[in-house]
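J.: Fit the two chains together into the complex; they arrive one by one in their own frames, and the hints show the way.
Now for the letters of each chain:
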Amino acid sequence: MKKYNAFALLKNALSGNVNWQENWRDAAPKKSYDAVIVGGGGHGLATAYYLAKEHGMRNIAVLEKGWIGGGNTGRNTTIVRSNYLWTEAANFYEKSLQLWEGLSHDINYNVMFSARGVWSLGHSLQDMRDIQRRVAANRLNGVDAEVMTPEQIKAAIPYINTSPNTRYPILGASLQRRAGVARHDAVAWGFARAANALGVDIIQQCEVTGIRRDGEQVTGVDTSRGQIATSKVGVVVAGHSGVLAEMAGLRLPIESHPLQAYVSEPVKPMLDTVVMSNAVHGYVSQSDKGELVIGAGIDSYNGYGQRGSFDVIEHAMQAIIELFPMFSRMRMLRQWGGIVDVCPDACPIVSKTPVKGLYFNCGWGTGGFKATPGSGWAFAYTLAHDRPHAVNAPFSLERFTTGALIDEHGAAGVAH
Amino acid sequence: MLLITCPYCGPRDQSEFSYAGEAGLSLPKYPDSLSDEEWADYLFYRKNPKGQHDELWVHSAGCRRYFKARRDTVTYLFSGTCKMHESLDAD
Chain A
1 MKKYNAFALL KNALSGNVNW QENWRDAAPK KSYDAVIVGG GGHGLATAYY LAKEHGMRNI
61 AVLEKGWIGG GNTGRNTTIV RSNYLWTEAA NFYEKSLQLW EGLSHDINYN VMFSARGVWS
121 LGHSLQDMRD IQRRVAANRL NGVDAEVMTP EQIKAAIPYI NTSPNTRYPI LGASLQRRAG
181 VARHDAVAWG FARAANALGV DIIQQCEVTG IRRDGEQVTG VDTSRGQIAT SKVGVVVAGH
241 SGVLAEMAGL RLPIESHPLQ AYVSEPVKPM LDTVVMSNAV HGYVSQSDKG ELVIGAGIDS
301 YNGYGQRGSF DVIEHAMQAI IELFPMFSRM RMLRQWGGIV DVCPDACPIV SKTPVKGLYF
361 NCGWGTGGFK ATPGSGWAFA YTLAHDRPHA VNAPFSLERF TTGALIDEHG AAGVAH
Chain B
417 MLLITCPYCG PRDQSEFSYA GEAGLSLPKY PDSLSDEEWA DYLFYRKNPK GQHDELWVHS
477 AGCRRYFKAR RDTVTYLFSG TCKMHESLDA D
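Protein sequence lines correspond, in order, to chains A and B. My numbering puts the first residue of the first sequence at 1, with every later residue one more than the last. My numbering puts the first residue of the second sequence at 417, with every later residue one more than the last.
Each hint can be trusted.
Subject to a maximum C-alpha distance of 25 angstroms in a straight line, what follows is the list of computed BS3-like cross-link-like pairs (lysine-lysine):
1. A/Lys232 - A/Lys53
2. A/Lys2 - A/Lys53
3. A/Lys65 - B/Lys466
4. A/Lys154 - A/Lys268
5. A/Lys232 - A/Lys31
6. A/Lys352 - B/Lys463
7. B/Lys463 - A/Lys65
8. A/Lys356 - A/Lys30
9. A/Lys30 - A/Lys53
10. A/Lys356 - B/Lys463
11. A/Lys154 - A/Lys289
12. A/Lys232 - A/Lys30
Worth flagging that the hints you see were computed from the coordinates, not collected in a lab.
Next up, chain B with everything else stripped away, as it sits in the complex (with noise of 0.2 angstroms):
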């Protein structure tokens, strides 16, 4: 079991957490004039990273709050956790 460090309410187990997919995606500012490529790219196209990946997880049998997670997807440990509005490169 993961032990996963929550930003607002410290390591829990793994299992009172969901995980909500790949970190700083963005709805297109103008999504009018975008093609179809572009859309499939926003819709479809995630980041795969064997190593490193900058990831979403919410706390949904806790604070139920949102944070961005650094985990290696080869060890599954994580290296670092943040609230939504910082930086995971911060420290």
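Isolated chain A (complex conformation) (with noise of 0.2 angstroms):
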């Protein structure tokens, strides 16, 4: 693979930018190979990377039912933090943090990472007090966070309102600092490329539709290109785990919701960081295009179309208009819907299974995009060693048994 530098850019701007090599090799199937990620997400690629890069795994396949930046990776807010309250997803999230502050080096691609800060705004006394309680947990486990008072806010964020006499005063936030944005689509093509740089086959249009296994052990999967023989089977499929899941003749405690996102039409800077509220429920980031990008919400019920209800759009711009009224003339360009998958603790699933040889990457819920990386280098340390990470191992399938669940539905800054 060519590296991109100066260098290059100069070389290929004076060829009429005709010789720019390919990011990545579009694969047909091979007949078998040591290790398959099904789903060519963020989580499915970055997997595909670690595997190669960390345990040396070459002879490895992404399959993606769509094309690689299609899914879920290119439909959700951007956000990248780690102020989680309970330990075990503190830890998680902040190993992802810090391999997003040098991902763009580690794989010479601009994700364009931005640490803007997040801030999660308190509205009421208890809201306040969790916010105290979160930033000192946050703090014990070693993540940046502080507690910020409403001035504080106000000379930040100019634009928000926090006059005291709303139906939701602002009374203070929690800040993470080093928390920001990324570029969804260049993280999925970043790592595909520099996944396959690394010998990874990159198969898109390729859907699996059976899990072979020869009593416990995992032997290959059946897709819509051939079978494809391998004894190690990695499940990253975003809204559609319980499905894969079915095929395996496994149950999974994931319940898949539609979760929307919107897209202002472009205006001149005005927020430069990440605002968002738990009690008015809305988040809200601006683009370098200028468009503001806000999310909300999941619907209540179970569904796999990709589109959302009007009541939760309604919902979302009365929370964004609470904190920023000068934005209810705003219009909104674009709306998608995702499906996400939620588990009853809203903790992800990185795990091994009950069947050898098949792991699966899942329920990630509303807060998947932040996780890409650490999520990519604890599952490939799972598939390569046949165990967990310390990092992964509270994310156990087991601890639906166990009884050690990791409620953050607190913590995770919005409701789910």
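T.: Below is the structure:
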């Protein structure tokens, strides 16, 4: 693979930009692989990259039923942070945030990670107590976090409404300065390119239709492009984990729900950070193109259709206009829905399964994007060594039987 | 916006309703003798089909009564609703 650098930029500019190398080779499936990753989203591509880079596995394939960057990776609000309450979650997301900080350099692809800070607002006395508790817990876990006053909020975010005369007045916030946003498409493309450079086959338009097993051991997968033999299958298919689990005769404690997001018309720079509020329930940031990127909660009912309810749109807009009254005149350009897998404790499953050689990475709910590199890194370890890393050990499938749940509903920053 | 037929009040807007999860769950008859796996199954494991799903809804901004519904999880269209003591397969 040719490296991206200033010299390559100059050389290609002078030769009319027609000699750029393709990002990754569009491979056809081989008869067998040492490991197969089902799902070519950010988490799946990251898994393949770290399997190749950290564990030396080169004969591996990523199977994607659509195209790279066409799933949930390309349809989220791009927020990256690690200010989770419980130690297990804080450790996992903090590992991920550390990988984000060096990611562009590591994969030689500009993922446009921008540590512009994330503010989580509090609107009641109880909100502020929760914020203080979470900030204290973050600091004990080595995660940066601060409690901020309404005056500090107003100074940093001039257009926010900190009037005490609103229905939900802003009483304070937690701030994680190292948190921020990244360019979601670039994350998928960058990981695909970097994994491909290490020999990974990126196979698009290849849908998995069956998982083969011989007794308790996985032996391969059936796909829309033929059978593939392998002794290790890592399933990373947000939205369809339950469907894939059924192919292997497994059940998962997961329900799938639509989650929406919205993008406004582009305007001049006005919001240089990320603002979230659990109480009015919305989150907003401004993209580098100038669009407002807005998200809210999931639809309450189960769903696999990639669209959301109208009442959720209304709810999200109410929340954002409560915080920024001037946004009431903005027009929304795009709306989309993705399908998120939600676990009963709002935490992911990154785990071995009762079937030997079959691993699941799923249940990220509404917050999977921030975890992309850490999730891939930990899942690659689990696949390579057939045991979880300390970072993802608490996120096993067994926790639903042992009762060692990680109840992150409150600290997720948004309601589930 | 979905149009949902409450078996008591007739068709109303989705915004009047709340979703209440999978239908047909019942409290274990002998909770003392359940294994950890059986408890996990009762508490955390739910059907999550891509297609027809039997579920409970409550007409929270109307008559406030629970009822059963069968809905497609891809098209979101309801194929039937009925009162709690009735069967969705009846008609």
